[in-house]
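S.K.: The chain contents come next:
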Amino acid sequence: MNLTLKIWRQKDANSKGQMTDYQISDVSDHMSFLEMMDVLNEQIINKGEEPVAFDHDCREGICGMCSMYINGEAHGPDRGVTTCQLHMRMFKDGDTITIEPWKAAAFPVIKDLVVDRSAFDRIQHAGGYISVNTSGNTQDANSIPIAKQAADTAMDAATCIGCGACVATCKNSSAMLFVGAKVSQYALLPQGQVEAADRVKNMVAQMDLEGFGNCTNTGACEVECPKGISLDNIARMNRELMKASI
Amino acid sequence: MALDSKVPQGPLKDKWTDYKNHINLVNPANKRHIDVIVVGTGLAGGSASATLAELGYNVKAFAYQDSPRRAHSIAAQGGINAAKNYQGDGDSTYRLFYDTVKGGDYRSREANVYRLAEVSANIIDQCVAQGVPFARDYGGLLDNRSFGGVLVSRTFYAKGQTGQQLLLGAYSAMNRQIARGKIEMFNRHEMLDVVIVDGKARGIIARNLVTGEIERHSAHAVVIASGGYGNVYFLSTNAMGSNVTAGWKVHKKGAYFANPCYTQIHPTCIPRSGDYQSKLTLMSESLRNDGRIWVPKHLKDVEAIKAGTLKPTQLTEEDRDYYLERRYPAFGNLVPRDVASRAAKERCDAGYGVNATGEAVYLDFAASFVRYGKEQAKIHGITNPSEAKIKELGQEIVRAKYGNLFQMYEKIVDENPYETPMMIYPAVHYTMGGVWVDYNLMTTIPGCYAIGEANFSDHGANRLGASALMQGLADGYFVLPYTIGDYLADDIRTGKIPTDTPEFEAAEKEVKERIDFFINNKGTHSVDYYHKKLGKIMWEECGMSRNAAGLKQAIEDISALRKDFWQNVIVPGTDTEYNEQLAKAGRVADFLELGELFAKDALVREESAGGHFREEHQTEDGEAKRMKEFQFVSAWEYKGEPKDAVLHKEALEYENIEVKERSYK
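For the record, the sequence lines run as chains L and Z.
Quick note on numbering: the first sequence equals residues 1 to 246 in my numbering.
Quick note on numbering: the second sequence equals residues 247 to 911 in my numbering.
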């Protein structure tokens, strides 16, 4: 298929960006979206120009590095996938595709489609851990049975890949799905109870400090989340925060 | 320099304990004055950074990704081994040790492997304490599954995302130390050289990938935890950015590089689809617990399937060749990876491959749907369930176990694996070779350590499934933090290492010159052009089977390609901005050197062992034939061009295990 691509080009954080048009032909259905971008970049390099910068690494949907806003949707039109798993069979010959970076005040652009998501790391520094030394002198792993349902729900929350699609999607640029997922994982496990109150308070405080917006329950984040992280996690975080505050 | 593995004296089972009892320690007040650099933040580097910081050292950690959480350990799927014997099926430290040495085709170091097995159980305790949500059974206790090459269930898992959960555990431990200021984290940074002062590793030269700035960082010891070099093949299951640069730089400064030809070609990956393909995707080995591998028995059926006139589900049992079950009745679909990969290649080379490229075999879950479905029907008291009901119930169980893998397959291939068998083919996955280290995990450069996949030590010529996560965390949490103290005990009075010295000056100059070359060379071919060409040579001549003529050709071809690269490569943009092409150029330049050493190592090793299969050395029925005279580690010393590298041999002694023909029949 032949496509027109409208891509956000921005030299660096301090420069102004603009949309630039590219034509690409002979795109195969079986290509992933990023493979299509590779082919485009190869064309651009061979013309002696600068290729489009974008974040990517594992290309199997787990590292959370890739981050494109495609036709107005985080990770594009498919559901339950990251951009690297999005395939060109989702598009048709003659389509025009708009490709932008994540747009949020807390995620400044580094170059073209690459953004700085270190705010997520700083939220984790504020409390995204259980304070146990890695000495190996802990009790036997089976000494505390954990109900299968609690373990499974904690696992569902823990599958968050930290890509930032929730923030990019939210009209308020809220990070509550991301923070809720981490708070929930530990809130559901006995190991995380001791520090639960401090954890939720500190993580939420840092989230606010980073300039993320509030949640107004539109639910868009859950729809666009490539890992299907549930809105329940936001509710659980709010309950934890309430518990911690009284 | 003679190789000294520094394996402690005494009985195998007491070595590690005795060693720990007699090494030098650094007192807590002195640790505050000692700096350690860790390059890479996957399971090995992340766990080491966290533990060293907890102990009190000042850690500087480096990752090329935008966060430590994105290191490629995150993509490990199936699980992590530990000799817990929770299933009561006869597991023990000795059995895990035995399976690992045998699985590695008797090419790993006994004492290192035993230590690995010994600390394995602790890893699980540690991870549970960190809040890693491992799978549990209905009684709330930890669940296990089986992996290839073993006869017990010792693999712990978190759905098909075990690597992700373990890495997030290590990342959380790092976060705690970053918050305390004990780890200084350098994201989007790449190490471009190691700095040697008075014969010791004392720092690195790194490049800030966002600003392009070249930085000097000093420390009392440098730990390389940068993973494997599978991307030398261009197509592999590695991440796009995975590279050998850190390991190769220390090699060029004096660290020996061991067994580069030992590469694991994983049997269950999604087959390639076209020239634009950028990477290959693994389907976890855990799927072989419940999936059966087959190709049609008759070539006419293969043709019909390719022509689209026959569906695989229409073939009767009699017309299918479950070739692993046929050839290896004892282990069946759970033979080790090297054996399963070669068997797939054998069938496809004979013309039985089931897709357009002729490079695919089936992985079929139909039998498991029935087996689980019947069990579920019984549990739920459903009498006389229909076939459809059984299938539905069975699929539910399979979905719970491997749902994310099935979804991933469907997204990539556009076929529903619940309704038609998956198609799989082997792909490059893991490199057992790496930087040579002694028992302390120190390289041949004093003060320079290598851990995790970056080193060579524990897996011999073939790694068993679910052992990479085990080794990464064992090295980082439980081994290196002890062994490094023994070395650093001499450094308590050294004080901060200055960076304004001739050694740092010289290393930085070299790095800058190379970058200047790339930016100013007005060539004609992109970096990927060379990387793909290199990958093709590697896959064809140094892939699943190798022979002397092909390897000699590969050496010539890679050498010529490297020359071409240094004349005609083009790197757009500047060196003072985010420039992925520039970063890639440096990585590919190193792969072009490593690739040649790889082929040379494979040529010298005139035997078949594990992942290294030499066509000249096979038994009558096509199995790998090991040679007694090659029972050694090949450790290569850098002398300029790869062709000039000098071979040093570390003899491997097996005192606690009988070296036998490796049979899975």
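The set of hints was computed from the structure by calculation and includes no laboratory data.
Worth double-checking, as some hints may not be accurate.
Okay, derived cross-link-like pairs now, PhoX-like style, lysine-lysine, Cα gap no bigger than 20 Å in a straight line [unchecked claim]:
1. L:K47 to Z:K758
2. Z:K798 to Z:K768
3. L:K47 to L:K16
4. Z:K758 to Z:K498
5. Z:K874 to Z:K889
6. Z:K809 to Z:K830
7. Z:K498 to Z:K768
8. L:K47 to Z:K498
9. Z:K895 to L:K92
S.K.: Compare the distance between the alpha carbons of K798 of chain Z and K768 of chain Z with 20 Å, and conclude whether the hinted pair is satisfied.
M.R.: Roughly 32 Å separates the two Cα atoms, so the pair is violated.
S.K.: Quick one, are K758 of chain Z and K498 of chain Z close enough, alpha carbons at most 20 Å?
M.R.: 17 Å, holds
S.K.: Holds or violated: K809 of chain Z with K830 of chain Z, Cα cutoff 20 Å?
M.R.: Within the cut-off at roughly 17 Å; holds.
S.K.: Between the alpha carbons of K47 of chain L and K758 of chain Z, is the straight-line distance 20 Å or under?
M.R.: Violated - the C-alpha atoms of K758 of chain Z and K47 of chain L are around 26 Å apart, more than 20 Å.
S.K.: Has the given pair, K895 of chain Z with K92 of chain L, been kept, meaning a C-alpha gap of at most 20 Å?
M.R.: 58 Å, violated
S.K.: Taken at face value, is the distance from the CA of K768 of chain Z to the CA of K498 of chain Z at most 20 Å?
M.R.: 27 Å, violated
S.K.: Checking one constraint from the list: CA of K874 of chain Z to CA of K889 of chain Z, max 20 Å. Satisfied?
M.R.: 26 Å, violated
S.K.: Would you mind confirming whether the straight-line C-alpha gap from K47 of chain L to K498 of chain Z stays at or under 20 Å?
M.R.: Judged against 20 Å, a Cα distance of about 35 Å means the pair is violated.
S.K.: Check whether the Cα positions of K47 of chain L and K16 of chain L lie no farther apart than 20 Å.
M.R.: Between K47 of chain L and K16 of chain L the Cα gap is close to 24 Å, so the pair fails against 20 Å, i.e. violated.
Hint compliance for this structure: hints 1, 2, 3, 5, 7, 8, 9 are broken, all remaining hints hold.
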